[in-house]
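Enquirer: Here's the letter readout for the chains.
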Amino acid sequence: MTIPVRWAAAALSAGLLVDAVTGRAELLVRPWFVPVLAAAGVALAAAAVRARGRMPLSGFLALLVPIAIGATLTPAVAGNAARASSTAATITSRLGDPSNPLLNGAGGHVTLLQILLAEQQGGGVVLSGRAVTVEAMAAGPHRLERSAIVCCAADAQAITLDETGPALPHPGTWVRVDGVLATVGDKTVLDVRHIVRIPTPTDPFL
Amino acid sequence: MAVDALDRPRAVQIRPGARTAVIAGILGAAVVVLALAARLDTGIGSHVAAAELGFVSLFAESLPFLLVGAALSALLAGRVGTHLLRAAGTHPRLAAALAPLVGAALPLCDCGLLPLARRLRRDGTARSLGAFLAGAPLTNPIVVVSTLLAFPGHPGVAVARVLGGLSMAMAVSALVPPPAHALSCDADHHHDAPPREGWLTAMGTEIARTGPVLVLGALAAATLKAALPTHVFFSLSNQPLLGAVAMMALAFVMSICSQADAFVAAALPVGALPRLAFLVLGPALDLRLATLYRREFGTGWIIRYAAVIVPMALIAATVCATAGLV
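Residue numbers (our numbering), protein chains in the order written: chain A, 14 to 219; chain B, 5 to 330.
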């Protein structure tokens, strides 16, 4: 049994465009790559109009699998996936990041990745005393964690930061913490003053 | 006779429509089970979620490059491209030597090179195919620029990647014969040439031809990555050579797009040689690409290709690291 190729192109086009328009694509790739996915969706829509020939049904069904699984992905699932990124690593640079307030002498609402990059570029001592607010997942009684992706979710890596204040809720719980950055030995830590449980962010990855 | 006909056991025949419904039902049930499993607040749940997310993101990330590759391949069938390919076909040794450098003119990630490789095979320049697939992913501008950005102040890493790609391309060109079907095509390569098609039509054809295999490759890579404890690979990096082998295995499994692998490599907690080995092999051969190449060029060819480029990547990375390039 065969299926018109244009059906496959149309299905993939719809999947990519829906993901790009609804923002679900940001669970899969970095924001700067979303327009590329949208452009691919548009090109596939045009290809669906022009496509000729037929393809095996098995191939068509295989193409529907990522579309179907993609439709079930939610921020909660992505948050759950972030817990599996146990490969703690040290991202040193990344394309498409906005300016880092910590490098401009400020604090406020920052991400774990911004703290890490500022520490690498300016040193932990420079950051000491800055008051910051961070959203992350508890990865232990005194460890905050959040996964960062370089290009797509398949390359997600865990970023961690130890804290020296009150104990965090059980691992996997999302929290917003207020605290002051400090240096212990050669490590930057967060002296947490206030912890609030929050729902899984709409974009669990950084 | 009538009794015989009645007594003879009849083979059970399933109507195609019913078979389709059964397959679609099984796939649908699998998707539902996976969607539920990914929501479990357990270790297994988070690994299923990671595999699902990795699978869909790998597929989505590869798709645009595959489409661009198909469009470029269709454009190559134009007048200028035809002349170039014909010239390459009449000078196979020169073409094989220049093939990896073609990557410098192609702002494509590794997946996008497959339609062009197929064009090489179809148009009688199959002897360049291996050199193209081994070298072009490392000489293309996306890889060079992303490596320079990921390793600021260390241009040697980008140079070492290009040199590694050229070394692998030379070795493949010298040691790996073209795919079997291509050898027979070289004699009369126009006998099965498909009619020229527009770039939009070519995208549709590519989706039908390569899309399902890309699904399998992305699924295999994401599942393995979620299942394997990657910290084990890092623990081997105390010994440079063993660490390099471990990082090559990791690059094969992770199947990271070559536009991003330099940033990931920069973050790996390993030494210079293992990191370079990861960077040299990954764009030329990973699980996702191996699935695509096996489908396109055959199991025998992909085994021979891997048997040459894996040790060559290790040698090239070792030489570059020893020479102080990284």
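Mixed in with the good hints there might be a few duds.
[Stated by the list, open to error] Short derived list, chain B residues pointing at chain A, Cβ under 7 Å:
#1 I48
#2 G49
#3 G58
#4 G304
Worth flagging that the hints you see were computed from the coordinates, not collected in a lab. Backbone N, C-alpha and C fix where the C-beta goes; we use that ideal spot for every residue, glycine too.
Enquirer: Hints first: check each against the structure and report whether it holds.
Expert: Checked hints:
1. I48: With a closest approach of 10 Å, the I48(B) hint is violated.
2. G49: With Cβ-Cβ at 6 Å, under 7 Å, it holds.
3. G58: Result: holds, 4 Å to nearest chain A Cβ.
4. G304: violated, 24 Å
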